[in-house]
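Sequence lines, in order, name chains A, B, C and D.
If you're matching positions, the first sequence starts at 1 in UniProt numbering and goes up one per residue.
If you're matching positions, the second sequence starts at 1 in UniProt numbering and goes up one per residue.
If you're matching positions, the third sequence starts at 1 in UniProt numbering and goes up one per residue.
If you're matching positions, the fourth sequence starts at 1 in UniProt numbering and goes up one per residue.
These are computed hints drawn from the structure, not numbers from a lab.
Do not take every clue at face value.
Stated by the list, open to error - EDC-like cross-link-like pairs, simulated, lysine to aspartate or glutamate; straight-line CA separation at most 20 Å: (1) B:370 <-> A:368; (2) B:87 <-> B:115; (3) A:16 <-> A:340; (4) B:61 <-> D:343; (5) C:370 <-> A:283; (6) C:16 <-> C:27; (7) C:333 <-> C:161; (8) B:333 <-> B:343; (9) C:184 <-> D:28; (10) C:370 <-> A:57; (11) C:184 <-> D:27; (12) A:370 <-> C:57; (13) A:36 <-> A:25; (14) D:333 <-> D:49; (15) C:286 <-> D:282; (16) A:333 <-> A:57; (17) B:347 <-> D:28; (18) D:370 <-> C:57; (19) B:370 <-> D:282; (20) D:189 <-> D:368; (21) A:61 <-> C:57; (22) C:222 <-> D:359; (23) D:220 <-> B:73; (24) D:61 <-> C:49; (25) C:362 <-> C:85; (26) D:62 <-> D:360; (27) A:150 <-> C:27; (28) C:61 <-> A:76; (29) C:229 <-> C:161; (30) A:32 <-> A:48; (31) C:62 <-> D:368; (32) C:347 <-> A:49; (33) B:222 <-> A:76.
Number of protein chains: 4
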Amino acid sequence: MTTVDTNHYAAPTEIKEITVVNTYDLEEAASKIVPKGGFDYISGASGDEFTLRQNIEAWNKKGIVPRVLADVENPDLSTSIFGHDIKVPFIMAPIAAHGLAHETKEAGTAKGISEFGTIMSISAYSGASFDEIDKGLNGSPRWFQIYMSKDDELNKNILDEAKADGATAIILTADATLSGNRHKDERNKFVYPFGMPIVSRYLTGTGKNMSLNNIYAQSKQKIAPADVKFISEYSGLPVFVKGVQSAEDALLAIGAGAAGIWVSNHGGRQLDGAPGSFEMLEEISKAVAGRVPIVFDSGVRRGEHIFKALASGADIVALGRPVLYGLALGGWKGVQSVLEYFERDLKRVMQLAGTQTIEDVKKSRLVDIK
Amino acid sequence: MTTVDTNHYAAPTEIKEITVVNTYDLEEAASKIVPKGGFDYISGASGDEFTLRQNIEAWNKKGIVPRVLADVENPDLSTSIFGHDIKVPFIMAPIAAHGLAHETKEAGTAKGISEFGTIMSISAYSGASFDEIDKGLNGSPRWFQIYMSKDDELNKNILDEAKADGATAIILTADATLSGNRHKDERNKFVYPFGMPIVSRYLTGTGKNMSLNNIYAQSKQKIAPADVKFISEYSGLPVFVKGVQSAEDALLAIGAGAAGIWVSNHGGRQLDGAPGSFEMLEEISKAVAGRVPIVFDSGVRRGEHIFKALASGADIVALGRPVLYGLALGGWKGVQSVLEYFERDLKRVMQLAGTQTIEDVKKSRLVDIK
Amino acid sequence: MTTVDTNHYAAPTEIKEITVVNTYDLEEAASKIVPKGGFDYISGASGDEFTLRQNIEAWNKKGIVPRVLADVENPDLSTSIFGHDIKVPFIMAPIAAHGLAHETKEAGTAKGISEFGTIMSISAYSGASFDEIDKGLNGSPRWFQIYMSKDDELNKNILDEAKADGATAIILTADATLSGNRHKDERNKFVYPFGMPIVSRYLTGTGKNMSLNNIYAQSKQKIAPADVKFISEYSGLPVFVKGVQSAEDALLAIGAGAAGIWVSNHGGRQLDGAPGSFEMLEEISKAVAGRVPIVFDSGVRRGEHIFKALASGADIVALGRPVLYGLALGGWKGVQSVLEYFERDLKRVMQLAGTQTIEDVKKSRLVDIK
Amino acid sequence: MTTVDTNHYAAPTEIKEITVVNTYDLEEAASKIVPKGGFDYISGASGDEFTLRQNIEAWNKKGIVPRVLADVENPDLSTSIFGHDIKVPFIMAPIAAHGLAHETKEAGTAKGISEFGTIMSISAYSGASFDEIDKGLNGSPRWFQIYMSKDDELNKNILDEAKADGATAIILTADATLSGNRHKDERNKFVYPFGMPIVSRYLTGTGKNMSLNNIYAQSKQKIAPADVKFISEYSGLPVFVKGVQSAEDALLAIGAGAAGIWVSNHGGRQLDGAPGSFEMLEEISKAVAGRVPIVFDSGVRRGEHIFKALASGADIVALGRPVLYGLALGGWKGVQSVLEYFERDLKRVMQLAGTQTIEDVKKSRLVDIK
């Protein structure tokens with residue numbers, strides 16, 4: 001028996017702007033309105049949650065050295081990636097099952113992303129279909145994160161559909177070939193309360209009432225450079241390898257044709273006992289040496305975090321849980337509120353640190369906090 | 001709606017000597033008598049208050065090596081700066097809006113400073129006028145901290161007035177071109193309950209009922225070496241650049257004509273995520289290499305802290321919040337009690353560390369606490 | 001008077017499979033059903049339990065660098081040692097007095113080990129006889145841990161019996177020539193509630209109603225390289241020296257004929273103030289340089305810990321307290337559940353870290369967590 | 001008004017053996033029977049008690065590397081200093097005002113020390129007279145700790161009396177020329193509830209009803225190498241300089257004729273903000289390089305601590321507060337119980353670490369705990 005009543009999963013429904021003082025408050029607020037099984041799934045991580053904590057702790061080991069005579073006012077947060085000009089250096093990270101947070105599912109997030117104006121990442125484990133999400137996006141740019149089938153014909157089929165939907169890049173998540181040791185989900189006997197239209201083609205069922213372990217078992221569990229090559233060649237789109245945590249993998253990925261490196265430890269949800277994601281960024285950035293762009297996620301909760309990631313070699317930062325809490329608390333308007341908070345916060349940090357542009361941020365000096 | 005009723009802000013009014021065992025107790029005591037909006041404004045800092053905590057933690061990473069055969073008795077705390085002989089190596093830091101702590105506003109602080117006998121820093125964001133403060137100072141030395149107008153003619157006007165008032169140095173605060181991310185003020189919807197006579201000339205209003213963000217927005221938000229040069233040349237007074245947190249800015253400031261470097265992170269109130277102010281002092285001091293004096297603030301709560309700052313390259317230490325708590329608890333007499341505590345405490349530390357003079361302190365050895 | 005009523009020690013009796021989400025939960029659960037004197041004996045350590053905590057803390061100072069393009073699926077956990085092929089790189093550590101945890105004593109543990117399929121270590125301080133344990137083992141491999149008598153003729157006698165029982169290696173515990181400073185046992189006035197058939201030949205009594213200090217005092221308290229040589233030559237079996245915490249001792253042991261090094265600090269039960277066992281592993285492994293196999297114990301609670309130990313030079317990991325908690329909670333079936341948990345957890349870690357085989361694990365990179 | 005009613009200070013009176021599981025328990029137990037003013041005086045330290053905590057924390061930064069094949073049994077704890085053969089490498093530290101802990105005052109401590117069999121240090125701030133203490137000592141060796149008068153004739157007089165009493169060494173405490181910033185005493189308005197016969201010759205009064213500050217003010221507040229020379233030459237006895245926390249002072253002291261260096265930070269009671277005493281030991285020991293013996297105190301609570309101090313260069317360790325708690329809890333028998341605990345604990349540590357003699361301990365390896 002599970003503690004998630006999949007027939008009566010009562011996701012939040014409200015749509016409203018929300019006040020964001022900081023994103024930690026959002027987690028607390030969301031915990032009160034999202035059903036426990038869903039909230040634990042979103043907020044939880046693997047094992048002792050050591051790596052989840054390290055994702056946050058890692059920020060505290062580096063300090064931003066503010067420059068105060070930099071003649072800076074009204075900083076410019078805009079940047080671009082793969083031909084998309086975006087007004088901020090952050091985008092939406094791919095996350096499964098937004099429907100746990102809000103009844104509008106990924107379509108709600110997509111509309112918030114679109115209204116704000118940045119890039120949406122669509123997870124193959126979405127509870128909404130490409131069409132539903134497309135309505136929310138309303139023409140905004142989108143990338144597609146694939147969880148591969150064991151059957152490459154089906155993978156082609158998925159990629160075809162993503163391209164048809166307008167995806168301009170493919171994100172290959174390589175760090176999730178099976179589920180991390182998620183104690184909360186195990187205790188809750190968590191199963192998804194709704195299906196997953198995009199991958200249901202290769203599941204025995206729709207995804208509904210299935211556990212994450214079960215779904216992973218039916219997905220491809222063995223990811224290699226050849227997969228990067230296959231996706232890249234078949235789709236003709238730039239491919240990110242997501243979940244890179246070492247210089248070695250970054251080089252392997254680039255060698256296999258990756259157009260971008262996505263540094264992430266999956267928000268601490270996969271291998272517990274790994275270092276904080278930010279701790280590995282500098283090593284990876286040095287190895288990549290500017291050949292391809294680097295997206296960073298895992299543990300980003302403040303403007304300062306975005307700043308530190310950019311100053312350590314990231315080109316773009318992806319936001320995950322905080323956006324989902326915004327979705328829970330206010331639907332698409334809540335998503336927009338969260339993104340506006342990050343924009344406001346990063347802008348303030350940039351000015352206080354004495355940086356006019358994202359290029360300035362990238363050249364900023366961090367110091368070790370002993 | 002704000003939680004600060006600006007028409008009925010009931011600042012403390014008592015004037016009495018206070019017993020100071022340590023300054024942490026003062027914060028606790030002040031929290032009970034200062035209205036919440038005002039207390040949070042004074043005691044709070046930005047973001048997660050990481051930098052605020054680092055300001056304190058930084059002291060614990062260095063230990064004073066006491067010398068016990070140094071033939072020391074009755075240490076001499078006197079020093080001098082810019083021609084002022086002062087009996088202690090600490091002065092009052094510039095702080096806005098003392099009226100939040102006590103109805104006598106900056107005039108109360110000024111009288112306490114004067115009675116004790118050190119230098120007052122007058123903030124451009126004072127709630128009292130130059131004249132009111134002058135009465136408190138009663139001829140004592142004073143420096144003036146400018147928040148610049150966007151209009152240099154008004155800046156000249158302010159500088160003229162400060163000079164006429166007798167300021168012997170100008171402090172240019174460069175780290176506060178907009179407000180830090182102050183959660184408490186945001187939650188309290190804090191606005192100042194009284195006006196600011198010195199800068200009201202460039203505000204749309206007096207400052208009363210305005211938020212800090214609002215006031216910063218009407219001040220000059222873009223500070224550059226040229227501003228240092230302008231103030232220095234126009235006023236003919238020595239200029240400190242306050243908020244320096246890097247060797248690079250110290251050198252820029254000196255190059256632009258700064259007569260002194262003021263190492264500070266604004267008490268953790270501006271860029272959260274920055275290192276503790278004391279952590280940056282040694283680097284800056286090495287870069288300055290004695291060419292101009294260094295004033296240090298942010299996190300000074302004990303005689304040991306003053307000692308450590310001087311031993312790391314500071315020439316003078318500026319005290320902020322603890323003095324304001326003294327003002328809240330006992331008006332000008334409370335201010336005097338706090339200063340006497342610091343004098344007593346530093347004197348004891350100097351003797352226990354085996355240092356007869358401030359020059360001895362500067363040559364003392366600190367060790368890393370692992 | 002003792003708090004352990006040795007005539008009515010009511011050890012748990014239930015035999016059932018148990019659900020293992022993590023092993024920390026097991027300690028909590030066991031504390032509720034094992035009599036206090038027995039539970040404190042099992043879970044407690046010496047002194048301030050500084051070293052016990054360091055055994056756990058040490059894991060958090062190293063992070064596993066996951067490799068995500070490693071083409072890994074369904075990792076192979078099998079390895080071999082001294083001619084035994086085992087399906088996992090972990091075995092049972094020698095522990096005294098399993099009867100404190102369950103009425104089936106070591107025979108229960110042995111059956112769980114045998115059903116799961118790894119190597120049992122039989123402690124000379126077992127509460128069960130060789131024959132009783134043999135029934136549980138049912139032909140499975142076993143090693144024998146000797147606590148030496150002061151009389152070498154009795155040692156020969158014990159070794160003869162162990163060989164007759166089928167032991168294929170001898171473990172000489174060298175770090176326990178007297179009891180650590182175990183506060184809990186001292187406060188509980190703990191004495192064993194049953195005898196110890198294997199060593200009763202050299203005790204004045206059976207071991208029942210005796211304290212650990214008392215028993216150690218009657219055992220050999222002076223262990224030297226000559227003892228390694230004696231046991232090795234007399235038994236003709238490979239000898240491990242257990243309790244090695246320095247490169248120096250590893251080399252001494254090998255020089256004296258040890259066939260294996262067993263890195264351990266006895267679960268923090270002996271010298272408090274020693275570093276975490278894992279902290280010493282790398283130094284020892286470098287000194288041993290592959291000449292003999294290394295077994296590691298002390299503080300292993302998760303699959304990640306096994307991974308980190310192997311990646312730092314261990315060949316085999318031995319499990320102690322968590323298995324005993326499994327015994328308490330479910331008898332032999334509980335033991336099996338715990339071992340299956342470790343197998344499942346290590347397998348997941350291996351895949352998420354990108355390692356197909358135990359040899360891959362050994363070559364994995366760990367990073368310092370600052 | 002003070003919180004110590006000096007006319008009715010009810011010190012404990014019981015004389016009995018006590019059970020010592022660890023010395024931290026003793027502090028807790030003593031807090032319940034010693035009047036608050038007295039207990040706070042004994043247990044408290046200066047400032048934030050940062051240095052007090054560092055005295056304990058410092059031990060946790062070094063681990064003992066146990067040697068397990070060392071052929072050790074029944075270790076020999078005996079050593080000698082200045083011609084005294086003592087059975088353990090620890091002695092009594094000089095402490096003022098034992099009468100706060102027990103009505104038998106220093107005479108009680110002295111009897112416990114004598115019955116156990118080590119060296120007593122008699123503080124010039126004793127509440128008992130030389131004669132009273134002599135009765136307790138019953139011929140046992142004693143050293144005398146001088147707090148100097150401003151008048152050298154009186155110092156000669158005190159030294160004469162100490163020599164007549166049989167002191168075989170003089171301890172010159174150099175780190176206490178005035179009182180540390182002791183918050184608890186200040187809050188308690190602590191004054192001594194009895195006089196100090198040895199120094200009353202130079203006080204305006206007996207010491208009764210005087211604060212520590214007051215007493216220090218009437219003592220010599222300026223200690224220099226010349227004082228070491230004076231005491232050494234006048235007394236003809238070996239002189240320790242106590243309170244040394246730097247290599248520089250150790251060399252100064254030896255240059256001035258010190259026969260021994262006493263590394264101490266006065267139990268954290270003087271300069272708060274100094275490193276833990278143990279953190280400075282290695283530096284000092286290297287500078288002394290065996291020319292004179294080193295006594296170590298401050299923070300010693302366990303056998304492991306004694307071991308670590310000896311392994312870092314100390315020749316003898318002095319015990320303070322734990323002995324006074326023993327005195328409070330059981331008079332001279334309690335003192336003896338505490339000393340026996342330390343003997344038992346150190347003996348165990350020596351065996352578990354594989355050291356047969358104190359010389360072996362001194363050559364033991366410690367490792368940094370990261």
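Evaluated hints:
1. With a C-alpha separation of about 15 Å, the suggested pairing of residue 370 of chain B with residue 368 of chain A holds against the 20 Å cut-off.
2. For the given pair, residue 87 of chain B sits about 12 Å from residue 115 of chain B by alpha-carbon distance, which is consistent with the 20 Å threshold.
3. Our distance criterion of 20 Å between C-alpha atoms is met by residue 16 of chain A and residue 340 of chain A, whose separation comes to about 14 Å.
4. With a C-alpha separation of about 35 Å, the suggested pair residue 61 of chain B and residue 343 of chain D falls outside the 20 Å cut-off, and the hint is violated.
5. A C-alpha spacing of about 15 Å is found between residue 370 of chain C and residue 283 of chain A, which places the hinted pair at or below 20 Å, so the restraint holds.
6. With a C-alpha separation of about 17 Å, the suggested pair residue 16 of chain C and residue 27 of chain C falls inside the 20 Å cut-off, and the hint holds.
7. With a C-alpha separation of about 28 Å, the suggested pair residue 333 of chain C and residue 161 of chain C falls outside the 20 Å cut-off, and the hint is violated.
8. The hinted pair formed by residue 333 of chain B and residue 343 of chain B meets the criterion: a straight-line CA distance of about 15 Å does not exceed 20 Å.
9. The hinted pair formed by residue 184 of chain C and residue 28 of chain D meets the criterion: a straight-line CA distance of about 17 Å does not exceed 20 Å.
10. Note on residue 370 of chain C and residue 57 of chain A: the hinted pairing holds, with a Cα-Cα distance of about 10 Å set against a maximum of 20 Å.
11. As the CA atoms of residue 184 of chain C and residue 27 of chain D are separated by approximately 18 Å, the hinted pair is consistent with the 20 Å bound.
12. Under the criterion of a C-alpha separation no larger than 20 Å, the hint pairing residue 370 of chain A with residue 57 of chain C is consistent with the structure, at around 19 Å.
13. Using a Cα cut-off of 20 Å, the hinted pair residue 36 of chain A and residue 25 of chain A holds, with the two alpha carbons roughly 17 Å apart.
14. With a C-alpha separation of about 31 Å, the suggested pair residue 333 of chain D and residue 49 of chain D falls outside the 20 Å cut-off, and the hint is violated.
15. Pair hint residue 286 of chain C plus residue 282 of chain D does not hold up; C-alpha atoms about 28 Å apart against a cutoff of 20 Å.
16. As the CA atoms of residue 333 of chain A and residue 57 of chain A are separated by approximately 30 Å, the hinted pair breaks the 20 Å bound.
17. Straight-line distance between C-alpha atoms of residue 347 of chain B and residue 28 of chain D comes to about 34 Å, which puts the hinted pair past the 20 Å bound.
18. Proximity of residue 370 of chain D to residue 57 of chain C is assessed by CA-CA distance (about 10 Å); at most 20 Å being required, the pair is judged to hold.
19. Restraint check for residue 370 of chain B and residue 282 of chain D: the C-alpha separation of about 14 Å stays at or below 20 Å, so the hint holds.
20. With a CA separation close to 42 Å, the supplied pair residue 189 of chain D and residue 368 of chain D exceeds the 20 Å bound.
21. A threshold of 20 Å between alpha carbons decides the hint, and for residue 61 of chain A with residue 57 of chain C the separation of about 19 Å falls inside it, so the pair holds.
22. Restraint check for residue 222 of chain C and residue 359 of chain D: satisfied, since their Cα atoms lie roughly 19 Å apart, inside the 20 Å limit.
23. Among the hinted pairs, residue 220 of chain D with residue 73 of chain B is consistent with the structure: their alpha-carbon atoms are about 9 Å apart, no more than 20 Å.
24. For the hint linking residue 61 of chain D to residue 49 of chain C, the alpha-carbon distance of about 15 Å falls within 20 Å, and the restraint holds.
25. Taking the CA atoms of residue 362 of chain C and residue 85 of chain C, the gap is near 18 Å; set against the 20 Å cutoff, the hint holds.
26. Distance restraint check for residue 62 of chain D and residue 360 of chain D: the Cα-Cα separation of roughly 18 Å lies within the 20 Å cut-off, and the hinted pair is therefore satisfied.
27. A C-alpha spacing of about 40 Å is found between residue 150 of chain A and residue 27 of chain C, which places the hinted pair above 20 Å, so the restraint is violated.
28. Distance check on the hinted pair: residue 61 of chain C and residue 76 of chain A sit about 39 Å apart at the alpha-carbon level, beyond 20 Å; violated.
29. Only pairs whose Cα atoms come within 20 Å are accepted, and residue 229 of chain C paired with residue 161 of chain C is accepted, the gap being roughly 19 Å.
30. For the suggested pair residue 32 of chain A and residue 48 of chain A, the alpha carbons sit about 23 Å apart, so the restraint of at most 20 Å is broken.
31. Note on residue 62 of chain C and residue 368 of chain D: the hinted pairing holds, with a Cα-Cα distance of about 16 Å set against a maximum of 20 Å.
32. A distance of roughly 18 Å separates the Cα atoms of residue 347 of chain C and residue 49 of chain A; the hinted pair therefore holds under the 20 Å criterion.
33. Proposed proximity of residue 222 of chain B and residue 76 of chain A is supported: the alpha carbons are some 14 Å apart, at most 20 Å.
Going through the hint list in order, the structure does not satisfy hints 4, 7, 14, 15, 16, 17, 20, 27, 28, 30.
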